[in-house]
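> These are the residues of each chain, in order.
Protein chains: 2
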Amino acid sequence: MPVINVSTPSATYDVTIAPGLLRTLYPRIRKLSGSKSPRLVVVTSPNIWKLWSKRFLASFPTPPEVLFLPAGERFKRLPAVERLAQELAVAGADRDTLLLAFGGGVIGDITGFLAAIYMRGIPYIQIPSTLLAQVDSSVGGKTGVNLAAGKNLIGSFHHPLATLVDPELVLTLPPAELRSGLQEAVKSAIIRDPALFRFLEQNAKAILARKPDIKALTRVVTASIRVKANVVNIDERENGLRMILNFGHTIGHAIEAATNYKQLLHGQAIGWGQIAALHVALNRGSITQKQFDRMSTLVHQYGPLPPFKAQASRLVTLTASDKKRRSGRRAFVLPIAIGATEIVFDVTDEELLTATQSMLATMRQLTKS
Amino acid sequence: MPVINVSTPSATYDVTIAPGLLRTLYPRIRKLSGSKSPRLVVVTSPNIWKLWSKRFLASFPTPPEVLFLPAGERFKRLPAVERLAQELAVAGADRDTLLLAFGGGVIGDITGFLAAIYMRGIPYIQIPSTLLAQVDSSVGGKTGVNLAAGKNLIGSFHHPLATLVDPELVLTLPPAELRSGLQEAVKSAIIRDPALFRFLEQNAKAILARKPDIKALTRVVTASIRVKANVVNIDERENGLRMILNFGHTIGHAIEAATNYKQLLHGQAIGWGQIAALHVALNRGSITQKQFDRMSTLVHQYGPLPPFKAQASRLVTLTASDKKRRSGRRAFVLPIAIGATEIVFDVTDEELLTATQSMLATMRQLTKS
Numbered sequence: 001m002p003v004i005n006v007s008t009p010s011a012t013y014d015v016t017i018a019p020g021l022l023r024t025l026y027p028r029i030r031k032l033s034g035s036k037s038p039r040l041v042v043v044t045s046p047n048i049w050k051l052w053s054k055r056f057l058a059s060f061p062t063p064p065e066v067l068f069l070p071a072g073e074r075f076k077r078l079p080a081v082e083r084l085a086q087e088l089a090v091a092g093a094d095r096d097t098l099l100l101a102f103g104g105g106v107i108g109d110i111t112g113f114l115a116a117i118y119m120r121g122i123p124y125i126q127i128p129s130t131l132l133a134q135v136d137s138s139v140g141g142k143t144g145v146n147l148a149a150g151k152n153l154i155g156s157f158h159h160p161l162a163t164l165v166d167p168e169l170v171l172t173l174p175p176a177e178l179r180s181g182l183q184e185a186v187k188s189a190i191i192r193d194p195a196l197f198r199f200l201e202q203n204a205k206a207i208l209a210r211k212p213d214i215k216a217l218t219r220v221v222t223a224s225i226r227v228k229a230n231v232v233n234i235d236e237r238e239n240g241l242r243m244i245l246n247f248g249h250t251i252g253h254a255i256e257a258a259t260n261y262k263q264l265l266h267g268q269a270i271g272w273g274q275i276a277a278l279h280v281a282l283n284r285g286s287i288t289q290k291q292f293d294r295m296s297t298l299v300h301q302y303g304p305l306p307p308f309k310a311q312a313s314r315l316v317t318l319t320a321s322d323k324k325r326r327s328g329r330r331a332f333v334l335p336i337a338i339g340a341t342e343i344v345f346d347v348t349d350e351e352l353l354t355a356t357q358s359m360l361a362t363m364r365q366l367t368k369s
Numbered sequence: 001m002p003v004i005n006v007s008t009p010s011a012t013y014d015v016t017i018a019p020g021l022l023r024t025l026y027p028r029i030r031k032l033s034g035s036k037s038p039r040l041v042v043v044t045s046p047n048i049w050k051l052w053s054k055r056f057l058a059s060f061p062t063p064p065e066v067l068f069l070p071a072g073e074r075f076k077r078l079p080a081v082e083r084l085a086q087e088l089a090v091a092g093a094d095r096d097t098l099l100l101a102f103g104g105g106v107i108g109d110i111t112g113f114l115a116a117i118y119m120r121g122i123p124y125i126q127i128p129s130t131l132l133a134q135v136d137s138s139v140g141g142k143t144g145v146n147l148a149a150g151k152n153l154i155g156s157f158h159h160p161l162a163t164l165v166d167p168e169l170v171l172t173l174p175p176a177e178l179r180s181g182l183q184e185a186v187k188s189a190i191i192r193d194p195a196l197f198r199f200l201e202q203n204a205k206a207i208l209a210r211k212p213d214i215k216a217l218t219r220v221v222t223a224s225i226r227v228k229a230n231v232v233n234i235d236e237r238e239n240g241l242r243m244i245l246n247f248g249h250t251i252g253h254a255i256e257a258a259t260n261y262k263q264l265l266h267g268q269a270i271g272w273g274q275i276a277a278l279h280v281a282l283n284r285g286s287i288t289q290k291q292f293d294r295m296s297t298l299v300h301q302y303g304p305l306p307p308f309k310a311q312a313s314r315l316v317t318l319t320a321s322d323k324k325r326r327s328g329r330r331a332f333v334l335p336i337a338i339g340a341t342e343i344v345f346d347v348t349d350e351e352l353l354t355a356t357q358s359m360l361a362t363m364r365q366l367t368k369s
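Chains as they are written, first to last, in UniProt numbering: chain A, 1 to 369; chain B, 1 to 369.
Among the hints, a few may not be true.
[What the hints assert, rightly or not] Incomplete in silico selection of chain B near chain A, CB under 8 Å:
1) V90
2) M119
3) F345
4) D346
[As the list claims (entries may be wrong)] DEER-style ranges, computed between Cβ atoms:
5) A:K36 - B:E65: 50 to 58 Å
6) A:G34 - B:A195: 22 to 30 Å
7) A:F345 - B:A195: 48 to 56 Å
In short, the hints are calculated from the structure, not lab data. Quick caveat: nothing in here was measured; it's all calculated off a predicted structure. Glycine is no exception: its CB is placed at the ideal position from the N, C-alpha and C atoms.
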């Protein structure tokens with residue numbers, strides 16, 4: 001059972017990855033809480049709860065309070081946080097109440113933020129149900145919601161007491177969501193893990209099939225979390241290294257904004273964003289054509305990335321509000337080899353435009369064929 | 001020019017108190033920002049800006065961007081934060097933007113919270129314009145907004161880069177607001193500063209008159225901030241000692257809730273809350289009748305505390321949602337002498353009810369006479 005430690009100046013906690021873990025939640029949570037009878041409130045979505053509540057509750061002596069939030073990026077806004085906070089207050093939750101975030105990235109981000117600001121901070125545990133949340137958003141302490149002006153513009157750093165990952169949860173994920181989550185695994189491989197890169201290249205079939213067992217997928221999840229934890233341990237607050245986790249996200253976020261967060265799954269947008277970023281890298285000579293081919297092939301291997309409609313110039317304009325900017329400068333993450341990256345600040349709008357046009361050309365080609 | 005240092009595990013900064021300071025803001029802010037041309041955004045209320053913008057801007061080479069928030073506790077809610085955040089994003093504010101909170105407690109609490117959660121945290125400076133904000137809310141890093149379910153139930157600990165206090169700003173305050181602010185000074189004296197207590201007893205006339213100069217008032221402001229900073233330096237996160245700052249606030253917050261945050265100024269509600277808390281202390285023998293008399297006389301000296309309508313039982317019920325509770329236990333602050341307090345956890349609802357009834361009896365007596 002892999003246990004990966006996150007250790008930053010503001011918190012230390014473990015990410016536990018174990019198939020079947022969901023049936024053994026309560027004793028783990030009680031131990032983490034340090035209380036004999038912790039006061040628990042679950043935040044989840046109706047869909048997740050319908051599928052998994054029986055297994056989730058199997059180890060609980062008495063069922064905890066459950067608050068619901070509809071799934072979907074469009075609910076990741078402050079009014080949802082206010083409503084949940086009001087429900088917590090009405091339920092009598094105090095500073096010793098422990099929240100359990102059970103769901104995908106939206107549930108985890110909102111619940112983490114709710115925990116960060118309810119009574120100026122209460123503890124929470126991440127129990128991610130989607131692959132995307134397991135490999136990325138449930139680790140690292142970033143929490144938050146969107147503004148009309150952009151994604152994740154409101155938030156806090158607030159680490160969970162623990163992240164509990166049961167890879168069996170992804171057995172019921174629709175294939176598109178599985179593939180969307182795997183784009184973040186591809187990202188982890190490209191930026192920092194050549195061994196994971198090769199494993200993803202060579203085991204796509206077993207990983208995507210989730211059959212006969214989920215060993216291959218569990219290995220991908222574990223390696224991806226290890227990359228994330230390792231980066232966060234070095235740079236919790238994104239003053240430097242942590243920016244590499246943003247690979248593919250500059251254009252990816254612009255694509256999500258241009259399509260109103262409705263048309264593509266997050267991982268699909270990030271997939272296209274990685275293609276665009278690879279073009280920037282190729283055009284500057286940061287990577288060779290051969291490296292470009294291997295990396296873009298891997299991205300598409302975990303596709304298909306669905307087509308969408310947007311002007312290249314519009315996408316570039318939308319990157320201007322990217323919150324990775326500091327004093328007007330845009331940080332951009334470029335691969336320099338398989339599993340190695342650099343952060344640069346001099347990528348021009350023209351370079352971005354050219355690369356985005358190449359990405360859109362690829363999209364047209366794929367749609368034709 | 002008194003400079004009081006706040007030094008906690010999460011931040012170190014200075015509170016500077018100087019009459020006339022408002023005319024010299026820009027060089028101070030530039031130095032604090034560490035930038036030659038800091039990107040600044042002021043958050044203020046239309047009223048404050050109308051009165052003071054000329055003096056505020058006197059030292060600025062170019063005027064900064066200004067965002068407005070109407071004054072008043074009823075605007076201290078999440079939708080106001082969302083609107084301001086959206087305006088910041090539209091104005092292109094990034095992680096290096098420095099917010100200037102210029103106004104009373106509501107402006108300071110909201111702007112501090114906005115700074116805490118905009119892009120997961122940007123810097124801000126407190127420039128409090130009311131006495132209440134100067135002696136209390138602008139120091140200590142507590143930021144936040146209200147929920148329908150209660151006051152300050154949403155928030156963060158986020159310290160300012162500095163707090164800049166110009167006592168001349170209180171020269172234009174309506175007398176009721178001045179007296180409201182002085183209730184927090186009275187509180188500081190009761191809980192921790194016998195010398196300030198005596199000074200408040202003996203100089204009420206000069207303090208309240210703000211004439212011929214504001215030396216007496218400046219001394220009260222400075223001493224009150226020193227109490228607050230000293231307490232926060234020992235216990236930033238309110239795990240122990242910091243709870244003493246809550247003296248008078250258990251019933252005070254209940255009074256504000258019962259009157260819909262509209263009828264009384266914060267300090268007026270806290271004044272009544274102090275009277276109720278003094279009754280609890282007297283009834284248990286924590287203080288003598290003579291100590292009770294001196295303390296309640298001082299509270300009324302900085303009155304008048306206006307009457308309001310509420311059942312004692314209703315007020316006690318409303319204390320149940322007080323966020324100082326931990327696992328259902330209510331922390332209650334009791335004076336044990338002039339300038340000394342203890343925190344107890346065994347004050348019963350019956351004791352609170354009796355004390356609240358005594359407070360209401362005093363109110364009826366004062367209204368008659």
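> Now, for every hint given, state plainly whether the structure supports it.
These are the hints, each one checked on the structure:
no., hint, verdict
1, V90, "6 Å, holds"
2, M119, "5 Å, holds"
3, F345, "13 Å, violated"
4, D346, "17 Å, violated"
5, A:K36 - B:E65: 50 to 58 Å, "53 Å, holds"
6, A:G34 - B:A195: 22 to 30 Å, "42 Å, violated"
7, A:F345 - B:A195: 48 to 56 Å, "55 Å, holds"
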